[in-house]
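Since the structure of chain A is already known, use the hints to place chain B on it.
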Amino acid sequence: MKKKYIDITLRHLLLAFLAFIWLIPIAWLLVTSFSAYTGINTSTFFPKE
Amino acid sequence: MILLFSLISFVVWAIFIVVYLNNVINAYKLQKMEEEGKHINTFKEDLVSFVNGKFHITLLALPVTGIVVFTVVPLLVLILVAFTNYDQQHMPPSALFTWVGFRNFRDLFSSGGLTVTFGYAFVRVLAWTLVWAVFATFTTYIGGILLSMLINNKRTKFPKMWRTLFIITIAVPQFVSLLLVRNFFANSGIVNTFCANIGLTGWLRDVGLIGTSYIPFLSAPGWAHVMIIIINIWVGVPYQMLIATGVLMNIPTEQLESARIDGATPRQIFWKITMPYMLFITGPALVTDFVKNINNFNVIYLLTANVFVTTNQAMANSQAKEVDLLVTWLYTLTQDYYNYKMASAIGIIVFLICAVFTLVSFNNFIKGDREEAYR
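As given, the protein sequences belong to chains A and B, one line each in that order.
Taking our numbering, the leading residue of the first sequence gets 1, the next gets one more, and so forth.
Taking our numbering, the leading residue of the second sequence gets 50, the next gets one more, and so forth.
Since the hints were made in silico from the structure, they are not lab data.
It cannot be assumed that every hint is accurate.
Stated by the list, open to error - In silico lysine-lysine, BS3-like type, Cα no more than 25 Å apart, as pairs:
1) B:206 - A:3
2) A:4 - B:203
3) B:103 - B:78
Stated by the list, open to error - Chain B regions said to be covered by chain A (calculated; three or more residues, Cβ under 8 Å):
4) 198–207
5) 216–228
For each residue, glycine too, the CB sits at the ideal point set by N, CA and C.
Chain A on its own, in the form it takes in the complex:
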């Protein structure tokens, strides 16, 4: 029974991790759209202004 719970937790952790990686660029797309910075060489994930 305990083994089953570990399995379920690992499964969801793996899925969450993958989904996180898959969504990083999309999240960045969203936050940059609110950015006031006009250059292309951004060096911070969240816009400064």
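For chain B alone, coordinates are given in the frame of chain A:
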């Protein structure tokens, strides 16, 4: 223009010859019918027959004309360009181009000195094209199957939510997402800043993997090749996941049940039932994917245009880059250097590769007669 008009005249000639031969054959048939005393259609009866008995010909006349005018003739012109010297030095109307026979193909497969390096570049570009196609197809395919099995599993909660999260990446057009990822991994982009901050860049420089103050994710040959394949996994896995989800849901459950009752381990079920079934259903799609990846313009071009500059002089002489596929090379040749003759020759080679691969794989590996094995 001269080429175009002469080709059109040839097409008109061909049509005329076909009509003429048909006319002779028909006249002969009518003569036979006359001798046998059968009824011979008048012109009006012939016209009426095109609305009744031969209505399919009337219906198809317009589409066929359209295909000949808009597809066949331009295609023939483009194929013929491969046998001319149509390039920047021979641009009509100031300078006419002429026939050169198979010289372009000879150039493409041979290289001499530093000026003619098409043979040198062609071998490298072709090798990378094939490596790319194999990796891009199989990584996304296997990744998609594993991901969809993970999501489809009974123990996974909220499968729809997970699926949606992965599909969001499909919702953003490739133009946007790939250019975005290109900036993401730029020489002075976010990932490089991050790597420099946690000391990864310095460590890699100490090890000797890079000689620059940044990690050249998309601007040095080896790095760019690996990064392109990894980014393609990001692009392609959600699509394959969708396809695999549909197929996995349709696996006959009685087979899985009986295998489980017979004491098969999950691993055995996967390799003996799931994978053969997947391969059987998605085999044709896999072949199409491979051909599509050989011609995958979007990923390569959007990720490396204006970022990757080749340092190999021999490659640069034939306007190729290490990360170019045959298609992107063809694009650069036509758009930036007006080298239509070589581009056309490359196009024909690409077609030959794709056609041979498709024919061989469909004839040898995908057999339609195995269907009853799964019934």
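Hinted pair residue 206 of chain B and residue 3 of chain A, Cα distance within 25 Å = holds, 17 Å
**Message:** Under 8 Å between beta-carbons, do enough residues of the region 198–207 of chain B, three at least, approach chain A for the coverage claim to hold?
**Reply:** holds (count 6)
Query - Pair hint residue 4 of chain A and residue 203 of chain B, alpha-carbon separation not exceeding 25 Å - result: holds, 12 Å
Quiz prompt | Restraint status (C-alpha distance of residue 103 of chain B to residue 78 of chain B at most 25 Å) | solution = Cα-Cα ~18 Å, so holds.
**Asked** Counting residues of the region 216–228 of chain B with a beta carbon closer than 8 Å to any beta carbon of chain A, are there 3 or more?
**Response** Coverage by chain A holds for the region 216–228 of chain B (5 residues, Cβ < 8 Å).
Checked against the numbered hints listed earlier, the structure breaks none of them; every hint is satisfied.
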